[in-house]
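> Protein chains in written order, with our numbering: chain A, 1 to 320; chain B, 1001 to 1328.
Just so you know, the hints here were simulated from the structure itself, not pulled from any lab data.
No residue lacks a Cβ here, since even glycine has one placed at the ideal position from N, Cα and C.
It cannot be assumed that every hint is accurate.
Here are the simulated BS3-like pairs of lysine-lysine, each with C-alpha atoms no more than 25 Å apart in a straight line [to be verified]:
#: 1; chain 1: A; residue 1: K196; chain 2: A; residue 2: K215
#: 2; chain 1: A; residue 1: K196; chain 2: A; residue 2: K311
#: 3; chain 1: B; residue 1: K1233; chain 2: B; residue 2: K1322
#: 4; chain 1: B; residue 1: K1131; chain 2: A; residue 2: K311
#: 5; chain 1: A; residue 1: K311; chain 2: B; residue 2: K1322
#: 6; chain 1: A; residue 1: K311; chain 2: A; residue 2: K215
Chain B is faced by these chain A residues, among others (derived, beta-carbon under 8 Å) [stated by the list, open to error]:
#: 7; residue: L53
#: 8; residue: V54
#: 9; residue: S74
#: 10; residue: L75
#: 11; residue: T78
#: 12; residue: Y81
#: 13; residue: T129
#: 14; residue: F131
#: 15; residue: D202
#: 16; residue: R244
#: 17; residue: V293
#: 18; residue: F304
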Amino acid sequence: MATITEPTRSTATTRQRQPGKLRKNEISLTANIVLNVIFLIAVALILIPFFLLVTVSLTDNDTLVQEGYRFIPSLWSTEAYSFLFQSPRLVRDAYMVTIIVTVVGTFGHVLLGALVGYSLTKTKMPGHTFFTVFVFFTMLFNGGLVSTYIINTQFLGFRNAFRGLILPLMFNVWHVLILRTYFATAIPASIEESAKIDGANDLRIFFQIVVPLSKPVLATIGLFAALIYWNDWFQSLLYITEPRMYSLQFVMLQTLRQIEMMQRLLTMGAPGDVIDRLRDLPQESVRFAMVVVSIGPIIFAYPFFQRYFVKGVTIGALKG
Amino acid sequence: MSQADQTVTVEHSVSDKADTLRTGTSLRARLFQYRYIYLMLLPGVLFLLVMNYLPMFGALIAFKEIDYALGIIGSPWVGLRNFEFLFATRDAWVAIRNTLSYNAVFIVTGPIVAVALSIMLNELRNKRGAKVYQTLLIMPHFISFVVVSYLVFAFLATSTGYMNTRILPMFGIERVRWYLEPARWPVILFLVNGWKSWGFGTVIYLASMAGFDPQLYEAATIDGASRWAQIWKITIPLLLPMIMLLFILSLGRIFNADFGLFFQVPRAAGPLIPTTQVLDTFVYRALISLGDIGMSSAAAFLQSVVGFVTILSVNLIVRRLKPEWSIF
């Protein structure tokens, strides 16, 4: 694994392009306008579905069923959100599960990745090549879903347990690669050396010197990990059967499947008491409101973490 | 430490900087010096052993007939029988065909669109605009496929979806029952996949471009090269190693598909299976819904092994042709 174990490229510094001295080295004004139009269309295509999502969640439920999903509904309503904030049991439990999994998982993910990433910077350590291959081999080959599932449910007790939601996502080879590159290139050697002279052991050097100096990259990986945990529904699909342990994404996943059935019951008729019960709850708008609330934290944190995200990708792209 | 060792240390950017102070020469002494590093490696190694390496050996259940009464180890070996059963079903062939077709399209179109978008972004004269576009383009990467499936549903729901209630009537087209008509889904899934992943690819290539030497472009300008010529003669050749790296890695996943895209977005609708069933959903359905360990483990084994063999052989070929493009 030549490029993976020993990145030797020296283009470490990111340089800004300077304007050419002889003549302006730029595309023409017309070309620039055309490109901007293309990107405006692309951005609109990305944003429009989100707008529809938000307006549906703010539409009166009966109106939704009658006139369909619209960008400008004839009757607005915040009923769905007030229903959500009364936090019915299922929704409250789902939030708790998702928050616990995200917090614990992110911490474990960053700690595990940083420990492995740092250890792999010790190129003189006996067994360095073995351990590097040991870690990166998992990127090329895996046991497949069935074997993983059977081992996790039969021997490791993943069913309806937090470990089933946390452990499968705790290790990511790309993140280890980014961390290792950062530790190897951004931490000045002299600092580690002088700590060594002062008698600090490797554990102390790592936790008291390397970690505090690596806050940017740890924050980046932390954000990646938090997103992975927050957005996960697949582990729930595999291991969770108890409603108490449903995560937010999993509740949303299940309710989407039932929406059309509800619509059919309401429009085509069903026994009176069923209709009454269905009408009691602002069903459909609530589901969409839940989706909006589930992406809320991501959208709010977005301007903050997308900068870190690009930085993380840059580290990976330049030196991976 | 010998002179040669020190030269190596200087050459490598990933090098053991604090190592100059470790003076022992015998293996035992060196093992002892690194005792804390081994301690720090231990959690990761144990984790990978249990979570990744154990299932690799567990994949051999594809050659067994699992009987829970006998235990997994005690269950009898049955040779290739599970694979015979697998290939005797039409479903498996449909899943394989779909997986390979979708991947072929995604692997070719993905990089083309992403490279094109990243070059366009890079060329924009309004740099702040480029930043804003980039920020918004990667947004879909951060939301889950469950959310995406809601977004798609808002457009495609039969009686309330925006397509059926607003867009199609504008053109005088009859309603389409999207979740019942499999023929529509290759295009839908292609678009949804693009919507979700192209922006991310763009940012990867853009990040790669940030590291290019500006002097190359300056020299080209002095020689009278147009922007267009610079893109073809400088930017794209410099991007090629990155394109190849991602290409080889994606070939290694030729037998895998995004479960979220093919299971969540079509809402796991039965009528859509002919065009939305891929190996991942096939394995999941065989395992969870049918409880058929034999067939699902055979399919999962195939996924792992074919992916592995593909990536090894592609890498070997690339290494023959152009060593600096190979990944190991």
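> With reference to the structure, classify each hint as holding or not holding.
Okay, the hints, checked on the actual structure:
Annotation: proposed proximity of K196 of chain A to K215 of chain A holds, straight-line Cα distance about 21 Å (limit 25 Å). Between K196 of chain A and K311 of chain A the alpha-carbon distance is near 30 Å, which puts this suggested pair outside the 25 Å criterion. For a cut-off of 25 Å, the pair hint linking K1233 of chain B to K1322 of chain B stands: about 18 Å separates their Cα positions. For the hint pairing K1131 of chain B with K311 of chain A, the CA-to-CA distance comes to about 13 Å; that is within 25 Å, so the pair holds.
Note on K311 of chain A and K1322 of chain B: the hinted pairing is violated, with a Cα-Cα distance of about 29 Å set against a maximum of 25 Å. Distance hint between K311 of chain A and K215 of chain A is fulfilled; the C-alpha atoms sit about 13 Å from each other, no more than 25 Å. The criterion of a C-beta within 8 Å of any C-beta in chain B is met by L53 of chain A, whose closest approach is roughly 6 Å, and the hint holds. With a cut of 8 Å, the hint placing V54 of chain A at the interface with chain B is violated, because the nearest CB-to-CB distance is about 10 Å.
Because the smallest distance between the Cβ of S74 of chain A and any Cβ of chain B comes to about 13 Å, over 8 Å, the interface hint for this residue is violated. Of the supplied interface hints, the one on L75 of chain A is violated, with its beta-carbon coming no nearer than about 15 Å to a beta-carbon of chain B, more than 8 Å. Using the Cβ-Cβ criterion of 8 Å, the hint placing T78 of chain A at the interface with chain B is not satisfied: the shortest such distance is roughly 19 Å. Violation of the interface hint for Y81 of chain A is found here, the shortest Cβ-Cβ separation to chain B being roughly 16 Å, above the 8 Å cut-off.
Because the beta carbon of T129 of chain A sits about 12 Å from the nearest beta carbon in chain B, more than 8 Å, this interface hint is broken. Annotation: F131 of chain A was flagged as interfacial toward chain B, and the flag holds, the nearest CB pair being 6 Å apart, inside 8 Å. Contact between D202 of chain A and chain B, as hinted, is supported at the beta carbon level, the nearest pair being about 4 Å apart and thus within 8 Å. Interface restraint check for R244 of chain A: the shortest CB-CB distance to chain B comes to about 19 Å, outside 8 Å, so the restraint is violated.
This hint is violated: V293 of chain A has a C-beta 11 Å from the nearest C-beta of chain B, more than the 8 Å allowed. Checking F304 of chain A against chain B: minimum C-beta separation of about 11 Å lies over 8 Å; hint violated.
Violated hints for the displayed structure, listed by number in ascending order: 2, 5, 8, 9, 10, 11, 12, 13, 16, 17, 18.
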